[in-house]
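**Student:** Chain residues, written in single-letter form:
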Amino acid sequence: MVEHRPLSDFIAYAILTLGIFIVAFPVYLALVASTHDAATVVGGHMPATPGSQTLENYYRAVFVGGSRTSREPVANMLINSFVSAIGIAVGKIFISILSAYAVVYFRFPFRKTAFWIIFITLMLPVEVRIYPTYKVVADLKLLDTYAGLILPLIASATGTLLFRQFFMTVPDELLEASRIDGAGPWRFFWDTLLPLSVTTIAALFVIQFIYGWNQYLWPLLITTKDSMQTIVIGIKKMLVTTDELAEWQLAMATAVLAMLPPVAVVIFMQRLFVRGLVQTEK
Amino acid sequence: MEKTTVFNNRVLPYLLLLPQLVITVVFFYWPASQAVWQSFLREDAFGLVSEFVGLENYQTLFAQPEYYKAMMVTAIFSTLVAALSLSIALLFATQADKNLKAAGAYKTLMIWPYAVAPAVAGVLWFFMFQPSLGMLSRPLRGAGIDWNPLLNGNHALTLVVMASVWKQISYNFLFFLAGLQAIPRSVIEAGAIDGARPMRRFWTIIFPLLSPTTFFLLVVNIVYVFFDTFGIIDAVTGGGPAGATTTMVYKVYADGRLGGDLGGSAAQSVVLMVIVIALTAIQFRYVERKVQY
Numbered sequence: 001m002v003e004h005r006p007l008s009d010f011i012a013y014a015i016l017t018l019g020i021f022i023v024a025f026p027v028y029l030a031l032v033a034s035t036h037d038a039a040t041v042v043g044g045h046m047p048a049t050p051g052s053q054t055l056e057n058y059y060r061a062v063f064v065g066g067s068r069t070s071r072e073p074v075a076n077m078l079i080n081s082f083v084s085a086i087g088i089a090v091g092k093i094f095i096s097i098l099s100a101y102a103v104v105y106f107r108f109p110f111r112k113t114a115f116w117i118i119f120i121t122l123m124l125p126v127e128v129r130i131y132p133t134y135k136v137v138a139d140l141k142l143l144d145t146y147a148g149l150i151l152p153l154i155a156s157a158t159g160t161l162l163f164r165q166f167f168m169t170v171p172d173e174l175l176e177a178s179r180i181d182g183a184g185p186w187r188f189f190w191d192t193l194l195p196l197s198v199t200t201i202a203a204l205f206v207i208q209f210i211y212g213w214n215q216y217l218w219p220l221l222i223t224t225k226d227s228m229q230t231i232v233i234g235i236k237k238m239l240v241t242t243d244e245l246a247e248w249q250l251a252m253a254t255a256v257l258a259m260l261p262p263v264a265v266v267i268f269m270q271r272l273f274v275r276g277l278v279q280t281e282k
Numbered sequence: 001m002e003k004t005t006v007f008n009n010r011v012l013p014y015l016l017l018l019p020q021l022v023i024t025v026v027f028f029y030w031p032a033s034q035a036v037w038q039s040f041l042r043e044d045a046f047g048l049v050s051e052f053v054g055l056e057n058y059q060t061l062f063a064q065p066e067y068y069k070a071m072m073v074t075a076i077f078s079t080l081v082a083a084l085s086l087s088i089a090l091l092f093a094t095q096a097d098k099n100l101k102a103a104g105a106y107k108t109l110m111i112w113p114y115a116v117a118p119a120v121a122g123v124l125w126f127f128m129f130q131p132s133l134g135m136l137s138r139p140l141r142g143a144g145i146d147w148n149p150l151l152n153g154n155h156a157l158t159l160v161v162m163a164s165v166w167k168q169i170s171y172n173f174l175f176f177l178a179g180l181q182a183i184p185r186s187v188i189e190a191g192a193i194d195g196a197r198p199m200r201r202f203w204t205i206i207f208p209l210l211s212p213t214t215f216f217l218l219v220v221n222i223v224y225v226f227f228d229t230f231g232i233i234d235a236v237t238g239g240g241p242a243g244a245t246t247t248m249v250y251k252v253y254a255d256g257r258l259g260g261d262l263g264g265s266a267a268q269s270v271v272l273m274v275i276v277i278a279l280t281a282i283q284f285r286y287v288e289r290k291v292q293y
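As you go down the protein sequences, you meet chains A and B in turn. If you count the first sequence from 1, position 107 lands on 107 in this note's numbering, and the numbers rise without skipping. If you count the second sequence from 1, position 162 lands on 162 in this note's numbering, and the numbers rise without skipping.
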């Protein structure tokens, strides 16, 4: 048995509490800033406790938009973020479960080639090919559309690899049994494989939802209309105002709203999140 | 590893693959090949005429002092972020691994910043350290430091590093904790019986056994610093002041968009692709080794 010393436990608690403080402090400040009026925040002497402007700030941020900058209200940005994050997650799951099914459960010419074509995309993050991809999306007339926000981000090898890995662990006897029962490829997929994949699908959904919600560079490039902005790029634009002061209290309320959905997903679906994170990185 | 029982169907597998292959070709291979092709072209200011110039874009690129500066910034930035976020996360993970009663709650409270968008993390940190209204700028001024990340390059880089480390601790913590929990207790107990004190046990038993996790995280962190910190840099400094926080990825963006130099931007993209491919290859060699163990 390893020695157990109260002092060592005390140090552990102290260090971890410090860690949680470091992790939470910037977010706490944002929360506090979102409850004060503009003058208090900009004055540089903001108190460390919440103020009284909470409802007004959030109401203005969500439904009205900044007065000085004639920005879109956040409600609209939230809708855009939800649509694109869910679109990216669902789209990625859809195309990758089908392609993994083809690669694992069928034998056909160019099977290996198809797998490698998908696999190599791991090496081409959107950042290294931004302008040519932008041009493709522009040529397809997809600028300022949900399809333009979603499609270029759903093709990647992560999902296919994950489903392939999972399908390999499904016992062969299940397929043999279905075939004896006379099931074709579709029946086997719907009745056997899909129900078994539910946890894997959920884990991938959680990770991809966060990934989609937090996208920055791509939406920044392809949205020119304010009405198509996602919330993450909306915050940045609130702070880049030309001649007048940025409305920090509204920007911070927006930041809080932008963090809420993905953070809630991590906290309330922690097991799926951890599972998805560990599996997609393998 | 292959399935022994499979379906025999001539058309269906191609239909199943079609959606992913179409999207991959249209949004990956076509743009990537365009990037390579564009890196050999020079376009006039209006993008009407383009002329094949061979390696000229690369020669121009590698003759630019700014490009070497971006490389230096990227190197300093990655080293600092990887070293700091890995060591801080390892410290927290070793403490959380001590069989504490509240370990589960600590884990939840440590991992949620993973869900904060890099750009939002940047905005939060900028808010704290903004020169005129930042709550933490005043104490710094009080300590006699002329803190101004908008004008001072070192201050700007420090701020971007802090925000990036803050964002990455949760991820590293999660994997370190999993790695620590996978180390058999018996090995550590054997060390304790032989009289090794906790620090010695850490450096001679735990740390070496953790090295696969550490190596994996090192590669992931470098990739993170290269690409995912774009949002942080753009939100906090916009690459400035005077290029002090312009990393290689940021320069691709800035040169193509603001400078309009698509050929030069494409050449930079190709250099980056080579770096990513090298990093991925390293990662896969490591994965293969892990499988053999």
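Mixed in with the good hints, there may be bad ones.
[To be verified] Taking beta-carbon pairs under 8 angstroms as the criterion, some of the chain B residues facing chain A (in silico):
#1 A32
#2 Q34
#3 A119
#4 I277
The hints are simulated quantities; they were obtained by calculation from the structure and are not laboratory data. Here a beta-carbon is modelled for each residue, glycine too, at the ideal position from N, C-alpha and C.
**Student:** Please go over all the hints and tell whether each is borne out by the structure.
**Tutor:** Hints, one by one, checked against the model:
The restraint placing A32 of chain B at the interface with chain A holds, with a minimum CB-CB distance near 5 angstroms, inside the 8 angstroms limit. Satisfaction of the interface hint for Q34 of chain B is found here, the shortest Cβ-Cβ separation to chain A being roughly 4 angstroms, below the 8 angstroms cut-off. Because the beta carbon of A119 of chain B sits about 4 angstroms from the nearest beta carbon in chain A, less than 8 angstroms, this interface hint is met. Given the 8 angstroms rule on beta carbons, the hint for I277 of chain B holds: about 5 angstroms separates it from the nearest Cβ of chain A.
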